[in-house]
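S.K.: Sequence:
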Amino acid sequence: MPPRSWLFVPGDSEKKLGKAMATGAHAVIVDLEDAVAPSAKVQARTMARDWLAIHRQHVLESRPMARWVRINAFDTGMWRDDLEVVMAGAPDGVMLPKCEGPDQIRQLSAEIYELEQRNGVAVGATRILPLVSETARSAMTIPAYIDESMPRLGGLTWGAEDLSAVLGASRKRDASGAWTDAFRFIRAQCLLAAHAKGVWAIDTLHDDFKDADGTRRAAESARADGFSGMLAIHPAQVPIINAAFAPTEAELAEAHAIVALFASNPDAGTLQYNGRMVDQPHLKMARQLLGLG
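Residue numbers (my numbering): 451 to 743.
Note that these hints are calculated values from the structure, not bench results.
All of these numbers come straight from a predicted model, not from anything done at the bench.
One should not assume that every hint holds.
[Claimed, not checked] Quick list of simulated restraints, FRET-style, between CB atoms: (1) Gln557 <-> Gly676: 28 to 34 angstroms; (2) Pro731 <-> Asp597: 20 to 26 angstroms; (3) Pro593 <-> Asn724: 36 to 42 angstroms.
[Stated by the list, open to error] Distance condition first, Cα-Cα at most 30 angstroms in a straight line; then the derived DSBU-like pairs of lysine-lysine: (4) Lys466 <-> Lys647; (5) Lys491 <-> Lys465; (6) Lys466 <-> Lys622; (7) Lys622 <-> Lys660; (8) Lys491 <-> Lys660.
Note that the Cβ used here is the ideal one computed from N, Cα and C, for glycine as well.
Using the sequences and the hints, build the whole thing.
M.R.: If you want it as structure tokens, here you go:
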């Protein structure tokens, strides 16, 4: 099953890193970018590396969560230094902020390839998750991910904060709480491109971590729309996101029933279930829900 909750943790906070394992997050993203002041970047790299290394064996044994790291963007000139240090901790994946298309994914992949070999990490084990919307240029490259060969690409995700500053937008949501046009367009592009590529579609975060109802609504909307997971900026959001993305007992029962129905009728294209017609797309969704591929 894909990770449902993706929690950012500041790479320079020993206290917050120490609590990350207990949050219940399916993926922890040690953040070297926005959460870390320029003066603390060097220290954050070594802290991130050490945290990744300490928890590597625990994760290998029980796989309770994935260990990711968000490096700094290409235009900062710091991303290579970030990689040089943190790859010694063998992260499960690297998040690339402000990604401006497949060319940057390929460049990052080449660097990771060299560092995997140098650090005794299985070649190809490190995935990449780009943030595809933080500049106007990056947002306009989203469809380009679909047809490019990028074996390391784990998913696509997006963010609204940086883009709103770039656009000079005074709001991201309208009076009803819905995303305004530019952000709604980017969210849909991210979702569609991820599904077209066959990778995770991860919705952006709800920025008010004290607003539990807002987080719940955002997570429920994300799941209903077809996202596989959602970003979080505070541990309090993690159980809300996990619950929103977890299938209900009724959904599981129906999925089992549909899979069993088609197993009993292997040559059927369409069958009747509880008074309605179900076909191959319903079977595919049922299998995905049950983790059967």
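S.K.: Against this structure, judge whether each hint is valid.
M.R.: Do the hints match the structure? See the list:
no.: 1; hint: Gln557 <-> Gly676: 28 to 34 angstroms; in the structure: holds (30 angstroms)
no.: 2; hint: Pro731 <-> Asp597: 20 to 26 angstroms; in the structure: holds (23 angstroms)
no.: 3; hint: Pro593 <-> Asn724: 36 to 42 angstroms; in the structure: holds (38 angstroms)
no.: 4; hint: Lys466 <-> Lys647; in the structure: violated (34 angstroms)
no.: 5; hint: Lys491 <-> Lys465; in the structure: holds (17 angstroms)
no.: 6; hint: Lys466 <-> Lys622; in the structure: holds (29 angstroms)
no.: 7; hint: Lys622 <-> Lys660; in the structure: holds (19 angstroms)
no.: 8; hint: Lys491 <-> Lys660; in the structure: holds (28 angstroms)
When each numbered hint is compared with the structure, a violation occurs for hint 4 only.
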